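*Asks:* Sequence:
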Amino acid sequence: MRVGVKTSLKLAIFGICAFCVGYFFYKFFYVDSLLGDFRTSRDPFVRDYSKVLLDRNGELLSVFLNQNEQWHLKASAPIPHKLKVAVLEYEDKRFFSHIGVDFLAIARTLRNNFSRTRRAGASTITMQVAKFLNNKPRTYKNKIDEIIYATRLEWLYSKDEILELYLNNASYGRNLLGFSSALLFYFGLQPHQMENLTWAQAALLAVLPNAPGLINLEKNPHTLKIKRDALLERLHKKGHFDAQILHLAQNEPIPSKFIPRTNLAPHLALRLFKDSHTHTLISSVDKQIQNRFESRAKQYAKRLQNEGIANLSALLVDTQSKEVLAYVGSQDFFDMENYGQIDGIQAYRSPGSTLKPLLYGLSIDEGLLHPYSKLVDIPLFFGAFAPQNASKRYHGLISAQNALAQSLNVPFVHLLQEYGYEKFFFTLKGILGFSDENYARYGLSLILGTKELSVEDIATIYLGLGNYGLFEKISYFPRNLENLPSSQVSQNIHSAQNTSNPARRFLSEGAAYLTLAGLERVERVGLENFHKDKKIFAWKSGTSYGRKDAWAAGTSPKYTLVVWVGNFTGEPNSNLFGAKSAGGLLFELLGELEGLDSDFVPKGLKPIVLDSPTGYALSDELKELGVESLNALYPIDSAPLRVSPFLQSVWVDMEGNEVNSLDPNFLQARKIARLNLPISVLNYYNLQNINLQAHLRSKPTRALRILYPSNGLKIIEPIDFEGKQKLIIRLANLRKQKFFLYIDSQFFPQSSDTTTIESTLEAGIHNIYVVGEDGSEDSVSFEIVR
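Following my numbering, the numbering of the sequence shown begins with -8 at its first residue and continues without gaps.
Note that these hints are calculated values from the structure, not bench results.
Bear in mind the structure is a predicted one, so any value in this text is a computation, not a measurement.
Just so it is clear, CB atoms sit at the ideal spot from N, CA and C, and this is done for glycine as well.
Some clues are possibly wrong.
In silico PhoX-like pairs for lysine-lysine, Cα to Cα no more than 20 Å straight-line [said to hold, decoys possible]:
(1) Lys150 x Lys75
(2) Lys549 x Lys614
(3) Lys464 x Lys549
(4) Lys727 x Lys717
(5) Lys293 x Lys84
(6) Lys383 x Lys420
(7) Lys122 x Lys134
(8) Lys539 x Lys293
Estimated spans, in silico, between C-beta atoms of each pair [unchecked claim]:
(9) Gly421 x Gly647: 17 to 25 Å
(10) Lys293 x Phe232: 48 to 56 Å
(11) Asn254 x Arg777: 55 to 63 Å
(12) Pro69 x Leu147: 18 to 26 Å
(13) Ile245 x Lys293: 37 to 45 Å
(14) Ile245 x Arg225: 48 to 56 Å
(15) Asn667 x Asp326: 54 to 62 Å
(16) Arg777 x Gly421: 49 to 57 Å
(17) Asn254 x Ser589: 17 to 25 Å
Construct all of the structure, not just a fragment, from the sequences and the given hints.
*Replies:* Put into structure tokens, the structure is as follows:
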């Protein structure tokens, strides 16, 4: 019987031991599931941290509540020495000698509990980390589990890692987790300022997690001060600082309130964290510049709102490093009434005239023009497309650099026709990387802004100009990672930077420089008195069709800045003008910057001889005929500049009339150079009563010409507001002679060179014929489409 009892007892003891051992090892390895993939992140709380965006110097820009509505910041710099010393003294003196469990402290606690003397906790820092992981009510069973978990944590992590886990996840009152959160909201210390932590602050942070009932600073400052000062006394006795520092620390006040903070660059923060799995990112933004830009933008927006304009955006980039220095997504992120949370930097809008400088530079490289070259500037029809200058004024012929400075539409539409809108579209695609390939939908209107682009796109273009034709995507992260405060953040940034595209050259250095020189000539209408000491800035304004968008974009050797002004709703406004609405903000923001006193240095240029009258390459023949020359600079790497399309050599008699080899007096003829302007240009001068007799000594072969509709044009049935069918016909009548107009053999008596015909034309092909009293004639065929 006794043998049976002994056997049963042994089995029971063995069973209990086996259960305990099994339970121990079960819990010992169960903690791994709580840690997640600790081998990769080394931090089981990585998903709980608040998202934090830092500037290029490690200063805090934006911080967001985590998914539990807590401020839970993880330190991005090493833990301050003072905080380590204070926490270890207060929480766990034998932290570096025990195995996660302090058995001496447990024995002392059990003795105190049974004797009902002062209660003292036995939890080590490692056990508290285990409690953060387990997050269950305080019971003896859960305490045992925490002991087992703690031994496993000591197996997996170093002591420094465990201390870091504790300090980054301890509760500091309100909804603050982690000592970085407490530093920020109690003392106003940002991550890069951690070494400025005082002994008094370190002691307070050491006692706060251990005093949950006193954790409200506003209600219990006196009691907290007693506990803090007692810890300071202990630290002094152990020789960590002298009596003078003790006196100063104990007289340092307890923070009395929660320090509110305002996020900077919130649009950028949301954008970067949308595609990032890390909790902390260091951006390339400069906090000081960002703060000044946001403040200036809010002030400017208030003035715009008086004109019915609600929104704006601005992007500042370092021209040399291509790093974003300021990111203003809207007038105010918290302006709910005016959709302030929309990120205008990424929004696609009509860019207006902001693409003209790119076409200007590409055309120089193509050999189509020099800045002095004359371009046609008259009302023209390009099929059914009839662009107009914004001012409704024209010049007949105007130099390319003046056309750029005045942002004239007609010369640039004509230039795009010569350059090729398909080629220009795919060059733009190569620079910006958009997926759209349907160039035909835009046609010649592409240069006037029908292809929607973002502020970032425009910044990329002007950044390329500022880098002498070398185009590269802008960066939101610092390219120099040597001075970053956290290796973990550095790795995240490295992975982001590896996706950047290499720089590509789309313009020669010389063409880019000539374009920049042209942009420095752009008129600052109404802005002449802004920042006279900072006026070296190559810039261009733009206004979209219908007055929905106002742009101002420019570059200097140091900064590239793009500004957009308008309404996120797309609502047009008659007060929207690129130079005024966006240009005003552009120069106010430039006033917040230093270093705008340097100019672009000429690069990649060679001497060239131009003809003085029209600004194109002077051929040997024209030079021999006495055409006046003009010395200039032209890109080394560009295609040869073409000879003027407006100058030709002709044979004339003694009276200056043009003759040919069949003329009986041809042997007495002489060869001269003469302007040969298109008849449309001559007609414009004629209508403006400009005397061109010097250019018209010989009779033009077509003194009467149909300008619109052009031959082969397809016209959608032309119906006016009253429902009547009306056809507009425009003629070039150089001699202002009487003429006779026929449509499909039907005579229409007219007295004006621009006329509107009221007639009923069937769908299909129709013919227009015009004949002048001197015998000049012209005809075209066109088609009515319903």
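*Asks:* Next, verify each hint and record whether it holds.
*Replies:* Hints, one by one, checked against the model:
no.	hint	result
1	Lys150 x Lys75	holds (12 Å)
2	Lys549 x Lys614	violated (43 Å)
3	Lys464 x Lys549	holds (17 Å)
4	Lys727 x Lys717	violated (24 Å)
5	Lys293 x Lys84	violated (58 Å)
6	Lys383 x Lys420	violated (31 Å)
7	Lys122 x Lys134	holds (8 Å)
8	Lys539 x Lys293	holds (18 Å)
9	Gly421 x Gly647: 17 to 25 Å	violated (51 Å)
10	Lys293 x Phe232: 48 to 56 Å	holds (51 Å)
11	Asn254 x Arg777: 55 to 63 Å	holds (57 Å)
12	Pro69 x Leu147: 18 to 26 Å	holds (21 Å)
13	Ile245 x Lys293: 37 to 45 Å	holds (40 Å)
14	Ile245 x Arg225: 48 to 56 Å	violated (18 Å)
15	Asn667 x Asp326: 54 to 62 Å	holds (59 Å)
16	Arg777 x Gly421: 49 to 57 Å	violated (40 Å)
17	Asn254 x Ser589: 17 to 25 Å	violated (34 Å)
Taken one by one, the earlier hints fail for this structure at numbers 2, 4, 5, 6, 9, 14, 16 and 17, listed in ascending order.
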